[in-house]
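Residue numbers (our numbering), protein chains in the order written: chain D, 246 to 498; chain Y, 246 to 498.
One thing to keep in mind: the hints can contain errors.
Below 35 Å or equal to it, Euclidean Cα-Cα: the simulated DSBU-like pairs (lysine-lysine) are [as the list claims (entries may be wrong)]:
no.: 1; chain 1: D; residue 1: K264; chain 2: Y; residue 2: K440
no.: 2; chain 1: Y; residue 1: K261; chain 2: D; residue 2: K440
no.: 3; chain 1: Y; residue 1: K400; chain 2: D; residue 2: K431
Partial pick of chain D residues on the chain Y-facing surface, computed with a CB cut under 10 Å [said to hold, decoys possible]:
no.: 4; residue: S331
no.: 5; residue: K333
no.: 6; residue: S335
no.: 7; residue: E362
no.: 8; residue: N366
no.: 9; residue: L376
no.: 10; residue: T407
no.: 11; residue: Q429
no.: 12; residue: W450
No lab work stands behind these hints: they were computed from the structure.
Ideal placement from N, C-alpha and C gives every residue a C-beta, glycine not left out.
Residue strings, one per chain:
2 protein chains.
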Amino acid sequence: MKPLILISNDDSVVAKGLKVLVDAVREFGDVVVMSTDLNASGKSHALTTNQPLRVRSVHSEPGLDIYACNGTPADCVKLAEAFFCSRKPSLVLSGINHGSNASINVIYSGTMGATIEASINGFPAVGFSLLNHSADADFAACVPIVKTIVADVLKNGLPEMTSLNVNIPNLPYSEIKGMRVCRQAKASWADSYEKRTDPNGRDYWWLTGEFICNDNAEDTDIWALDNGYVSIVPTRPDFTSHSAIEHLQQRYK
Amino acid sequence: MKPLILISNDDSVVAKGLKVLVDAVREFGDVVVMSTDLNASGKSHALTTNQPLRVRSVHSEPGLDIYACNGTPADCVKLAEAFFCSRKPSLVLSGINHGSNASINVIYSGTMGATIEASINGFPAVGFSLLNHSADADFAACVPIVKTIVADVLKNGLPEMTSLNVNIPNLPYSEIKGMRVCRQAKASWADSYEKRTDPNGRDYWWLTGEFICNDNAEDTDIWALDNGYVSIVPTRPDFTSHSAIEHLQQRYK
């Protein structure tokens, strides 16, 4: 039987990046898409606990079923695995995200929330992102990269509870130098809320911000992307700072 | 000048655990609370990007200002640091959460989303949780534990970009054996959605689930809690699986 590939994203079911991803991987198996009904960027690993999930069928043809859900990207993966996959997925994909999920962005990303959720549940999973926020971004260079990685993961699997965070520079394919497996660079967003006042005299704030990264070592995803490489960060759902344990054991007994 | 302590949580501004935390730490400094207007459990590290943030003042007296915000716990911390703290916080706290944030729960937790966000922004931060989901849980045993940890962190700080995920067993203080600095146990939630049909004949799903943990080694938070200890996991915002890098470098070039 053909592999079943489950796909989610966080830019909603009408996003161009999702369509490119689906088209790129249909040759590898049957595809089930469970996407977010609305844009869910920045939803991280959030789950919906205080309202019920709804699902609508968007498209169905042999080998391809597309659904949209009112939940978060992580909800989409959990619910699809449980109720909308006719057999166990061989692979879970997320994206292609419009915009970078490298470095600290992995923490906030709905695309990576879906990916990491799949890995927690025991599925090999890969999240793809292109460094271009535009709704009409050119994803042509992503297609051969997606096919290479999907073929490899279907054949060789991934280490336990490990997923891949793949970011693709915004370059023509001919200018991409290759792929680099690397670590997440240390970075943060400098807070820069914009304060406004509404017509009723009440204040409100919009999140803006500037990406600050002083960690430019050659083993980081930011270095790879800045130098024309695809970055691949093996990602696992463990926040433990193992290096801090011994020091803190002296303080807390 | 007294230290400024910023506090957030994910159980909303009226939660008992928040009140207990505020009362426990006022002796250490001036307190600013920025809590979620509504329950935001399971919001993880989500940020609000598609609507503006609103803030209302709930209470103000010398040394204590309490605000409620329509955003996520991570939003609360970011916005409060930028606009509602009269000086740089010496410490950011979150909780006391009603329910465990040990093991894989740290990934989904709004309480820990706030805590980790503070650490990304360079502040020493601690998230506290009690293993009791009840709205009227007895937090008495938490108070001396909170005071001990807060006093220590104010005096000695924490390693760079590291926060503490503190979980407290649901026991009388006299039965708690001590504190253990440990790693996050590997675990997952077995998906168990409940499917229902509404009066209009449309399906909907509620998230339920069962906690599955087969990682009971003595160096885990789950072992500590099961054996009557407070668990303290040093936590940092890095999802990289460093151990997988070398293997994957052979596959992706």
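Comparing the hints with the structure gives:
1. K264/D with K440/Y: holds, 29 Å
2. K261/Y with K440/D: Judged against 35 Å, a Cα distance of about 31 Å means the pair holds.
3. K400/Y with K431/D: The given pair, whose Cα atoms are some 26 Å apart, holds under the 35 Å limit.
4. S331: Hint on S331/D: violated, closest Cβ of chain Y at ~16 Å, above 10 Å.
5. K333: violated, 13 Å
6. S335: This hint is violated: S335/D lies away from chain Y, its Cβ roughly 17 Å from the closest one there, beyond 10 Å.
7. E362: With a closest approach of 8 Å, the E362/D hint holds.
8. N366: Holds, because the Cβ-Cβ distance from N366/D to chain Y comes to roughly 6 Å (cut-off 10 Å).
9. L376: Nearest chain Y Cβ about 18 Å off; hint violated.
10. T407: holds, 5 Å
11. Q429: This hint holds: Q429/D lies near chain Y, its Cβ roughly 5 Å from the closest one there, short of 10 Å.
12. W450: Result: holds, 4 Å to nearest chain Y Cβ.
Checked against the numbered hints above, the structure violates hints 4, 5, 6, 9; every other hint is satisfied.
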